[in-house]
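These protein sequence lines map, in sequence, to chains A and B.
Using our numbering, the letters of the first sequence correspond one by one to residues 1 to 418.
Using our numbering, the letters of the second sequence correspond one by one to residues 1 to 418.
Hint data in this document are derived by calculation from the structure and do not stem from the laboratory.
Please read these numbers as outputs of a predicted model, since none were measured by experiment.
It cannot be assumed that every hint is accurate.
As the list makes no split between identical chains, a pair holds if one copy fits it or if it spans any two.
Said to hold, decoys possible - Dumping the calculated BS3-like pairs for lysine-lysine here, alpha-carbon to alpha-carbon at most 30 Å:
hint: 1; residue 1: LYS124; residue 2: LYS56
hint: 2; residue 1: LYS358; residue 2: LYS111
hint: 3; residue 1: LYS111; residue 2: LYS166
2 protein chains.
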Amino acid sequence: MKKLLIQKFGGTSVADLDRLRNVMRIVQAARSNGADVVVVLSAMAGETDRLITLAKEASTTPNPREYDNLISTGEMISSSILSILLNANNHPAKSMTGRQAGIETDDWHKKAHIENINIEPLRKELAAGIIPVVAGFQGVNPIGDTATLGRGGSDTTAVAIAAALKADECQIFTDVDGVYTSDPRVVPAAQRLDKITLKEMLEMASLGAKVLQNRAVRFAGRYQVPLRVLSSFVDGPGTLITYEEFNMEKPIVTSIAFNRSEAKLTVWGIPDQAGVAAYILGVVAEANIDVDMILQNPDSEGHINFTFTVHRDDYQRALAILQDAAKHLNAREATGDNRIAKVSAIGVGMRTHIGVGKILFNTLAQEGIPVQLVTTSEIKMSVVLDEKYLELAARSLHTAFGLDSELQEEFDPIPATA
Amino acid sequence: MKKLLIQKFGGTSVADLDRLRNVMRIVQAARSNGADVVVVLSAMAGETDRLITLAKEASTTPNPREYDNLISTGEMISSSILSILLNANNHPAKSMTGRQAGIETDDWHKKAHIENINIEPLRKELAAGIIPVVAGFQGVNPIGDTATLGRGGSDTTAVAIAAALKADECQIFTDVDGVYTSDPRVVPAAQRLDKITLKEMLEMASLGAKVLQNRAVRFAGRYQVPLRVLSSFVDGPGTLITYEEFNMEKPIVTSIAFNRSEAKLTVWGIPDQAGVAAYILGVVAEANIDVDMILQNPDSEGHINFTFTVHRDDYQRALAILQDAAKHLNAREATGDNRIAKVSAIGVGMRTHIGVGKILFNTLAQEGIPVQLVTTSEIKMSVVLDEKYLELAARSLHTAFGLDSELQEEFDPIPATA
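With the rest of the complex left out, here is chain A:
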């Protein structure tokens, strides 16, 4: 049977006619290799922002149905133009809106979820030798209105179509040639991973390494869709997202992620009492502020110090709220720091390797980097540092965990010297 590929191209990959011609060549190459292809497109770079600006100028709170009708045109434009190019070059193609492609969503506007895909329209075009070019990011809701899936929703469209059609691979083309062991702009020795597990991918995305939308990755995981991230700008195999668990031959830590978008807040010296955490998190939640890391530990006098991190944009508001909360709790004081960075080591093998923490803390100590906070999960270990140490920490950890490109071959997960 013929191979079926879903090929999704993001905004920079369809930015202008030259880029769209390049997309045509990629699709053509896949067809020449004997595969059937369903294309999913984002809007041309800048188009969605232009439309959102129009909507916001019309109203600070645009009607959600109309907002969706407006911004869904961006993907319709790019998919029509690609279809014109394909047809003009003797590749029969049909642009399809989310509605025409059978993408059925729930009734949330602006962030709808795909509930079902009626595969008949896509199957019919494929059977006729036609390339369906699907407008990503959109579907039709139960009352027949257009609904959009939220930013990055085109990834989800592609994954959902791949799952529904049981495609052999869902290929997400972006402006990077795969998933890296760390951000190459900060860690020059970072290298592309041939494979990464779903869980690692999810941790990386939630830590700020935005290659793929987390929702799309989770969707892929649910249906075990073979998912590959690759570049539309340079040839290469990209990175395959796999669903296998820990593999003894893989390095334990597969990547170093980081961000400097958070701020840290602490209420000091809270008299021990029931419900401290619930009270503090409650007042913060009431102000619609999201909390990331949370730590609570007693001080030497039996009082509680309660620390958490928020997005840096919410820092000033959160600090004011905490200073009130501190009075209410008879705590000593509330302080904060918005010049912090979070650095994380990620790897599915981490849980079973107690040596990871040892390498991580040894490395930071050798470089003289004080650690302010630590949290761990099954597959990651994160530390909060003064942001001035971010680059040094990321690079030295990348080296220590054997991720640098020159060292990869002879990597030994736990160096003898550690």
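For this one, chain A is given, so just place chain B on it according to the hints.
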């Protein structure tokens, strides 16, 4: 029963947010006066051209289905934004694509004809107190694809909806405040007509006075839709298109139209033989050149002189073709003139008033203007002149037929002096 108005706004009336806010006020005023309103919109000025340029850059012969998918987004954008504005100002509104509004077309892409309107969706929204904001210029064809109606098709959408819903009036808002007795830029005394008959409107449109698309006017005529042209820029009653025949109280000539977009070609001294006209028009048609006026008359030696007019853009090509044709027909020569103008007097009463030709030729003779060609129809008389006489001819005829604004009251259709 509540009055029902269809209000259609063209490109300059929806050019930007300020203009769209103005549209909102017009719709709001109609609703305050107790009417239900269905709005039909064109794309924002410039948007359709932007999309056509994209299509043509992608291919000199873009796939028609994809071309329609692409350019139909222009009207979706303007109708979504107006709906955002209306909802934000407490006027419940829903943008509707041609598909959602039940506009069913034949299967011609780029110039589809409306075959039926399923009125249920519009009726349903109106019954719920919602303003349907319909994307003009588009519908859905028998196989479920989007089809566009061709340039100016939004007028047709509005008229078709008015016919289907048996609306009390179809109001076409443009950047002029009605239909004039002549072009005010050339004839300063030109004035707005309160009423004009359908036939006169059709002649004026075909003569270059492009206030309304001819197809839309014909459609209105077929269903006797009360049609009004008015301005979205200034208040006023506009001009009502009526279906009554000649009215004794009306001036016989209601307007003077003109254009300078044509060129004249003549094959001289063709030996009389069967099929001369068919041969000449055949070779011209093969070159895809449209012909407007056609005259054939014998010269004093029994040879035929065959004259016709074409669009000025086609002049050089047509002349080259005619020079070949002249040889083939053993004719004396083929010549042309692209510095001509056509001036027409229009009025439903003309046919029954033999005095019209007399006034027309007397007036031109008094001004010393040579007439090169003459054609007549039931309701118009057109003359071709050297283009340098255009303004003089238009103004003197406008005066002679009593159309000048100061003279209107005491107008006598056939002046005693003529």
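Tested hints:
For the identical chains of this complex, LYS124 and LYS56 are inter-copy neighbours only, at 29 Å across copies versus 39 Å inside a copy, given an alpha-carbon limit of 30 Å. Neither within a single protomer nor between protomers do LYS358 and LYS111 lie at most 30 Å apart by alpha-carbon distance, with minima of 42 Å and 72 Å respectively. With identical chains, the CA atoms of LYS111 and LYS166 are at most 30 Å apart within one copy only, with a shortest distance of 25 Å there and 39 Å across copies.
Checked against the numbered hints given earlier, this structure breaks only hint 2.
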